[in-house]
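Take a look at the letters that make up each chain.
2 protein chains.
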Amino acid sequence: MDMISSVKNDHVKQWKALHRKKGRKEQGRFLVEGPHLISELTKSDWTVEELIMTDQQADIARKLPQVPQTLVSENVFKQISETESPQGAIAVCSLPKMEVPIEAEKRYLLLDRIQDPGNLGTIIRTAEASGVDGIFLGDGTVDPLNGKVVRSTQGALFHLSIEQRSLHEVIAECREKSIPVVGTSLEGDDYGDIEPRNSFALLMGNEAQGVSDSLLPETDFNTKIPIFGQSESLNVAVATGILLYHLRRE
Amino acid sequence: MDMISSVKNDHVKQWKALHRKKGRKEQGRFLVEGPHLISELTKSDWTVEELIMTDQQADIARKLPQVPQTLVSENVFKQISETESPQGAIAVCSLPKMEVPIEAEKRYLLLDRIQDPGNLGTIIRTAEASGVDGIFLGDGTVDPLNGKVVRSTQGALFHLSIEQRSLHEVIAECREKSIPVVGTSLEGDDYGDIEPRNSFALLMGNEAQGVSDSLLPETDFNTKIPIFGQSESLNVAVATGILLYHLRRE
Numbered sequence: 001m002d003m004i005s006s007v008k009n010d011h012v013k014q015w016k017a018l019h020r021k022k023g024r025k026e027q028g029r030f031l032v033e034g035p036h037l038i039s040e041l042t043k044s045d046w047t048v049e050e051l052i053m054t055d056q057q058a059d060i061a062r063k064l065p066q067v068p069q070t071l072v073s074e075n076v077f078k079q080i081s082e083t084e085s086p087q088g089a090i091a092v093c094s095l096p097k098m099e100v101p102i103e104a105e106k107r108y109l110l111l112d113r114i115q116d117p118g119n120l121g122t123i124i125r126t127a128e129a130s131g132v133d134g135i136f137l138g139d140g141t142v143d144p145l146n147g148k149v150v151r152s153t154q155g156a157l158f159h160l161s162i163e164q165r166s167l168h169e170v171i172a173e174c175r176e177k178s179i180p181v182v183g184t185s186l187e188g189d190d191y192g193d194i195e196p197r198n199s200f201a202l203l204m205g206n207e208a209q210g211v212s213d214s215l216l217p218e219t220d221f222n223t224k225i226p227i228f229g230q231s232e233s234l235n236v237a238v239a240t241g242i243l244l245y246h247l248r249r250e
Numbered sequence: 001m002d003m004i005s006s007v008k009n010d011h012v013k014q015w016k017a018l019h020r021k022k023g024r025k026e027q028g029r030f031l032v033e034g035p036h037l038i039s040e041l042t043k044s045d046w047t048v049e050e051l052i053m054t055d056q057q058a059d060i061a062r063k064l065p066q067v068p069q070t071l072v073s074e075n076v077f078k079q080i081s082e083t084e085s086p087q088g089a090i091a092v093c094s095l096p097k098m099e100v101p102i103e104a105e106k107r108y109l110l111l112d113r114i115q116d117p118g119n120l121g122t123i124i125r126t127a128e129a130s131g132v133d134g135i136f137l138g139d140g141t142v143d144p145l146n147g148k149v150v151r152s153t154q155g156a157l158f159h160l161s162i163e164q165r166s167l168h169e170v171i172a173e174c175r176e177k178s179i180p181v182v183g184t185s186l187e188g189d190d191y192g193d194i195e196p197r198n199s200f201a202l203l204m205g206n207e208a209q210g211v212s213d214s215l216l217p218e219t220d221f222n223t224k225i226p227i228f229g230q231s232e233s234l235n236v237a238v239a240t241g242i243l244l245y246h247l248r249r250e
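From first to last, the protein sequence lines stand for chains A and B. Residues in the first sequence are numbered from 1 upward in steps of one, following the UniProt record's numbering. Residues in the second sequence are numbered from 1 upward in steps of one, following the UniProt record's numbering.
Any given hint could turn out to be false.
For identical chains, the list gives no copy identity; a pair is met inside one copy or between any two copies.
Claimed, not checked - Below are the DSS-like pairs computed for lysine-lysine, each with C-alpha atoms no more than 30 Å apart in a straight line:
(1) 224 x 148
(2) 177 x 148
(3) 21 x 78
(4) 224 x 43
Keep in mind the hints are simulated off the structure, nothing from the lab. The model shown is predicted, which means the values in this text are computed figures rather than measured ones.
Taking the hints into account, I'd like the entire structure generated from these sequences.
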C-alpha cells in the first residue's frame with residue numbers, strides 16, 4: 001500500500017478541514033479518532049468511509065474489512081490528529097441523519113446552549129448510560145461532531161439519537177404528547193421532591209447562565225439541585241447525571 | 001511601580017517552576033490564576049503571598065490590600081499563565097496545611113488514583129457543593145494544587161479540607177469511628193438500595209480501573225450505579241455526584 005508522507009497532499013488538506021464545523025458540513029463527514037472510539041463505531045449503524053492509519057493495524061482493519069485504508073507518515077498523522085498523544089488510527093465517518101422522533105412514554109434530554117465540548121461529550125455519555133431515548137440540541141450548543149465532543153462521549157454518541165432543533169418546538173411537541181417537561185432553575189423546587197417517572201423531557205442550560213429565560217416559562221415545572229457548600233453551582237454534566245438518575249429511579 | 005518585562009528575570013523563572021509539582025514542593029507555594037478564582041481565595045483562610053498582574057486591577061488589588069503586587073508585561077504574563085486566554089491576574093499562594101480530622105457522624109470522600117486533573121477538580125467542586133466534610137487523596141491521585149485541578153474546582157478547593165494519605169489507614173480509622181465505608185465496584189449492589197445516611201465515607205476509584213482490589217475488601221460494603229445503555233461506565237465525576245447526592249438525601 002502506498003503511504004502519504006506530504007502534509008501538502010490534497011487528501012491531508014481535506015481531512016484537516018474536518019477539524020472545523022464548516023469543513024464537516026461541506027464534506028458531509030467527520031473524524032473519529034483512536035482505536036477505542038473506532039471500535040465503538042463498528043458496533044453502531046453509522047457509516048465509516050475510510051480509515052487513516054500510521055501503520056497496519058490488524059485489529060481495526062479486521063473490524064472494517066470493506067473500508068478503504070490509507071497509510072500516512074507519522075508527521076502527516078500528527079497534522080490530522082486532534083489529540084496530544086495520537087494513537088495511529090482515525091476513521092472518516094459520514095454525517096448521520098440526525099433526527100429524534102418524539103413519542104409518548106419516552107425519556108428525552110434537551111440542551112440549551114451548552115458550550116464546552118468536554119461537557120457536551122460527558123453529558124451525551126451520561127444520558128446514554130442512564131437510558132435516555134434521544135437528545136435535542138438547541139441553538140447555541142456546540143457541534144456534537146466536534147472532535148473533543150466525540151472523544152468525550154467515549155462512543156456513546158454512536159448509540160443514541162441526537163437532533164439539532166429549536167427547543168421551543170421540542171417543548172411544545174413533548175407537552176402535546178403528555179411528556180412532562182422539567183426545566184432547571186435556581187427558582188425551582190428541590191429535585192428530591194419530584195417523583196421518579198417513566199417518561200420526561202429534562203431541560204439543562206448553559207454553563208454560566210443556565211436555561212434561557214424564554215424557555216423556562218414553557219416547561220411543566222422547574223427544579224434545582226440544592227447546594228450545601230459554598231460553591232455557586234455544580235458542573236452541568238454532573239448536574240445532568242444527578243437529575244437523569246433521580247428521575248428514572250424505580 | 002516597576003514592571004518586569006524580561007522572561008529571563010529570576011522571579012519569572014521561579015513562578016514558572018510552580019507549574020510543576022516539584023517546584024511547588026520546593027518553594028512551598030502554588031499559583032491561582034484568574035480574577036474569579038482569586039476572588040474565591042480571598043473568601044477563604046488560605047494565604048496569598050503576592051499578586052502578579054499585567055496592569056493595575058483595581059478590583060483585585062482592593063480585595064488584597066496588604067499583598068505585594070508585581071506588574072509584568074503581556075509577554076511575561078503569557079509565560080507564567082497556564083491558560084489559553086490569560087486574564088491578567090495570578091496569585092501566588094502558600095501551600096496550606098493539608099489535614100482532615102476524621103470525626104464520627106461526618107461525611108468523607110476517598111479518592112483512589114484519580115488521574116485526570118479536570119476530573120479531580122470537578123470532583124472537589126461537586127463534593128464541596130454536596131456538603132462533604134473532607135476529602136482524602138490516596139497514592140497515585142493527581143496533585144490537587146496542579147493548575148488545571150485548581151481551575152476546575154472553581155474555587156471549591158479553598159473551602160474544603162483535603163489530605164493526601166494512605167486510604168488503607170483512612171478506611172481503618174473511619175470504621176473505628178463507626179463511619180460506614182462505601183466502596184464502588186461493578187460487583188456491588190445497586191446504589192438505589194442504599195439508605196441515605198448522615199455519615200459515610202464514599203470511596204471512588206481510577207477512571208479506567210476503578211477502586212484497587214486491595215481496598216475493596218476493607219470497605220463495609222460496595223455499590224454500583226446501573227448502566228441502562230451501551231456505555232461501559234460513567235465519567236467518575238458524574239458518578240461521584242450521583243452517589244454523594246443520593247447518600248445525603250433526607
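A quick look at each hint next to the structure:
{"no.": "1", "hint": "224 x 148", "result": "both (28 Å within a copy, 28 Å between copies)"}
{"no.": "2", "hint": "177 x 148", "result": "neither (34 Å within a copy, 44 Å between copies)"}
{"no.": "3", "hint": "21 x 78", "result": "both (20 Å within a copy, 29 Å between copies)"}
{"no.": "4", "hint": "224 x 43", "result": "between (37 Å within a copy, 25 Å between copies)"}
Hint 2 from the earlier list is the only one contradicted by this structure; the remaining hints agree with it.
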